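**Student:** Those protein sequence lines, which keep their order, are chains H and Z.
Okay, so the first sequence: first residue is 1 according to the working numbering, each after it adds one.
Okay, so the second sequence: first residue is 1 according to the working numbering, each after it adds one.
Think of the hints as simulated: they come from the structure by calculation, not from any bench.
Because the structure is a prediction, the values reported are computed rather than measured.
Among these hints, one or two may not hold up.
As the list claims (entries may be wrong) - Straight-line distance between alpha carbons at most 20 angstroms, and here's what the computed PhoX-like set of lysine-lysine pairs gives: (1) H:Lys-97 with Z:Lys-71; (2) H:Lys-79 with H:Lys-107; (3) Z:Lys-57 with Z:Lys-71; (4) Z:Lys-57 with H:Lys-97; (5) H:Lys-57 with H:Lys-42; (6) H:Lys-42 with H:Lys-107; (7) H:Lys-42 with Z:Lys-9; (8) H:Lys-63 with H:Lys-107; (9) H:Lys-97 with H:Lys-79.
What the hints assert, rightly or not - Computed footprint of chain Z on chain H, listed as stretches where at least three residues anywhere in the stretch have a Cβ under 8 angstroms from a Cβ of chain Z: (10) 27-35; (11) 43-49; (12) 86-97.
Ideal placement from N, C-alpha and C gives every residue a C-beta, glycine not left out.
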Amino acid sequence: EDQVTQSPEALRLQEGESSSLNCSYTVSGLRGLFWYRQDPGKGPEFLFTLYSAGEEKEKERLKATLTKKESFLHITAPKPEDSATYLCAVHPPGTYKYIFGTGTRLKVLA
Amino acid sequence: NAGVTQTPKFRVLKTGQSMTLLCAQDMNHEYMYWYRQDPGMGLRLIHYSVGEGTTAKGEVPDGYNVSRLKKQNFLLGLESAAPSQTSVYFCASSTIAGGPDTQYFGPGTRLTVL
Chain H
1 EDQVTQSPEA LRLQEGESSS LNCSYTVSGL RGLFWYRQDP GKGPEFLFTL
51 YSAGEEKEKE RLKATLTKKE SFLHITAPKP EDSATYLCAV HPPGTYKYIF
101 GTGTRLKVLA
Chain Z
1 NAGVTQTPKF RVLKTGQSMT LLCAQDMNHE YMYWYRQDPG MGLRLIHYSV
51 GEGTTAKGEV PDGYNVSRLK KQNFLLGLES AAPSQTSVYF CASSTIAGGP
101 DTQYFGPGTR LTVL
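The following block holds chain H by itself, in its conformation from the complex:
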């Protein structure tokens, strides 16, 4: 069964304390892996799309990487405004459906 698991469920960091969020997936092939940021009461906001193992994407303090079984979202020197829930999703080939993880709730303390 296609599945996406994110860890940890919640993470508290001090401002400037770098860390990584994990997204592991079990799918029969991968058309794309997506990272989203979701603020309370808002819709998911697109961050990155990764297509193949070894690919990396960066945006400000965020860097996403992809292997054959998992993806990491690295947060370098986070700031309080990076506090949000980060969602991972995969898009298996041959389907219009996307499979979402339950997210990692990140809190960055000043």
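Model the placement of chain Z on the given structure of chain H, informed by the hints.
**Tutor:** This is chain Z only, laid out in the frame that chain H set:
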């Protein structure tokens, strides 16, 4: 561009009442989706559409109906609301044109069924 918009933002219903949620996108995307988001469950696909006039069932379609009469609009209907349908509903759209089929989400509708 407004992107993906949803109306209403909030709604309270009594059990058995009906309502329609409207999703509109101005990005000329072919594909549109309706999800519900519940604590600890992640986003679950209700119905989706791959083009005007076509719809298909997702993971949790029971109790919902959809229509896509115009390319830019995707409607989600609840014929007889139940407390189990209390949730936050998100609409999304995507396109295959140009390669990336990234989904873009609306701001959500928070629905409470009493």
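**Student:** Against this structure, judge whether each hint is valid.
**Tutor:** Now for the hints, and whether the structure bears them out:
no., hint, verdict
1, H:Lys-97 with Z:Lys-71, "holds, 19 angstroms"
2, H:Lys-79 with H:Lys-107, "holds, 9 angstroms"
3, Z:Lys-57 with Z:Lys-71, "holds, 18 angstroms"
4, Z:Lys-57 with H:Lys-97, "holds, 10 angstroms"
5, H:Lys-57 with H:Lys-42, "violated, 24 angstroms"
6, H:Lys-42 with H:Lys-107, "holds, 17 angstroms"
7, H:Lys-42 with Z:Lys-9, "holds, 10 angstroms"
8, H:Lys-63 with H:Lys-107, "holds, 18 angstroms"
9, H:Lys-97 with H:Lys-79, "violated, 34 angstroms"
10, 27-35, "holds (count 3)"
11, 43-49, "holds (count 5)"
12, 86-97, "holds (count 5)"
Consistency note: the structure conflicts with the earlier hints numbered 5 and 9.
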